[in-house]
Amino acid sequence: MIFNDTTLKTPCYICEEKLLKNNLELLDYVQKQSGAKIILALKGFAMWSTFPLVKQYLKGCTASGLHEALLAREEFAKDDKTKEVHTYSPAFKDEDIDEIARVSDHIVFNSPSQLFKYCNRVKSINPDISLSLRINPEVSSSPKDIYNPCGIYSRLGTTLANFDEGVLEHIDGLNFHALCEQNVDALEEVLVSFEDKFSKYFKGLKYINFGGGHHITKKGYDVEKLICIIKEFKARYDVEVYLEPGEAIGWETGVLVSTVLDIVHNGIDIAILDTSAEAHMPDTLAMPYRADVRGSGEAGEKKYNYRLGGNTCLAGDIMGDYSFDEPLKLGDRIIFEDQIHYTFVKNTTFNGIKLPSLAILKEDNTLHVVKEFGYEEYKSRLS
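The opening position of the sequence shown corresponds to residue 1 in UniProt numbering, with each subsequent residue numbered one higher.
Do not take every clue at face value.
Okay, derived cross-link-like pairs now, DSSO-like style, lysine-lysine, Cα gap no bigger than 30 Å in a straight line [to be verified]:
no. : residue 1 : residue 2
1   : 43        : 303
2   : 144       : 379
3   : 55        : 346
4   : 362       : 9
5   : 55        : 117
6   : 37        : 379
7   : 197       : 43
8   : 379       : 59
9   : 43        : 379
10  : 200       : 219
11  : 362       : 219
12  : 37        : 59
13  : 219       : 81
14  : 219       : 346
15  : 21        : 81
16  : 225       : 83
17  : 59        : 9
18  : 81        : 117
Hints were generated in silico from the structure; no laboratory data involved.
Work out the full structure, taking the sequences as your base and the hints as a guide.
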């Protein structure tokens, strides 16, 4: 097995090209059957070494600020006018907005005040740019408050009470983002509120962006129902529809491979790994959730039980308790499943710990390590 190859330096994220392609083909099916455009949300998946494959299927990228917009333009949309760069931020800065306007095809403003402040300026720089306003439909069934963009006191998007009809002469579209790892029934609920509150403003708009959080590539997602909803919405309002998933692109496309460095005992056997939940799998602590480990079971399910811990000084740098058929030994590989989305885009060099390498397992089963990290990545962030 390639993941257990002793020449592989760990920790290492490995994206499997075949699995990524499967996701992209499903997303492309949604595009072709519904007429929607699907763009990649870089906040969830930004492994740009895969973009030559990704851009064969998706229509562009959505960025959350200047640096993501630059990456989208340079690595996804360079010299290709058919690919789009959409840029949104809760608030843009004067020092960034001019360059954002130059590299973006669409700018999404979070509030009427931001739109009024910058609309003429960005149009003077890029006359062809499209402008949009993010809406808060004030309905969401997001499973965790930390990921709920429509929760109480949310700063994300404009509510109906704060909507200014003066924006209509400047905008080409409206955006909403209300979902997090959810099925199409959650989208239906959001659309009811969104249309009830804002459909009176749709006339003359070119597009509506349904945002991200659509778990399209997860087993059991009702793809056909999504297609139906999009087609009906487009027919009702005669607008283009965008979706901008991030997690759905990278969902179950690869792993984080680590190595057992030591095993200690303190009431339970504890395996210390050369990776970190805090630095390399941050959502396992923020969500929180228990990452699956290949070949393991729940604590007590198999004969040998271990707590898996990270190699930082944070006491809570713990992946969880797992059981195995055989006892772990030094040098064993521990493979954390589904670690390609929302991992390396959020990882850190906390404690000076080495960032995991990035690799692609090609369809011909050859492994290409595309990036390795070392001391300079840690030092260059400090001064």
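Status of each hint after checking the structure:
no., hint, in the structure
1, 43 - 303, "violated (40 Å)"
2, 144 - 379, "violated (34 Å)"
3, 55 - 346, "holds (23 Å)"
4, 362 - 9, "holds (18 Å)"
5, 55 - 117, "violated (33 Å)"
6, 37 - 379, "violated (41 Å)"
7, 197 - 43, "holds (28 Å)"
8, 379 - 59, "violated (37 Å)"
9, 43 - 379, "holds (24 Å)"
10, 200 - 219, "violated (36 Å)"
11, 362 - 219, "holds (23 Å)"
12, 37 - 59, "holds (6 Å)"
13, 219 - 81, "violated (34 Å)"
14, 219 - 346, "holds (25 Å)"
15, 21 - 81, "holds (23 Å)"
16, 225 - 83, "holds (27 Å)"
17, 59 - 9, "violated (35 Å)"
18, 81 - 117, "holds (28 Å)"
Going through the hint list in order, the structure does not satisfy hints 1, 2, 5, 6, 8, 10, 13 and 17.
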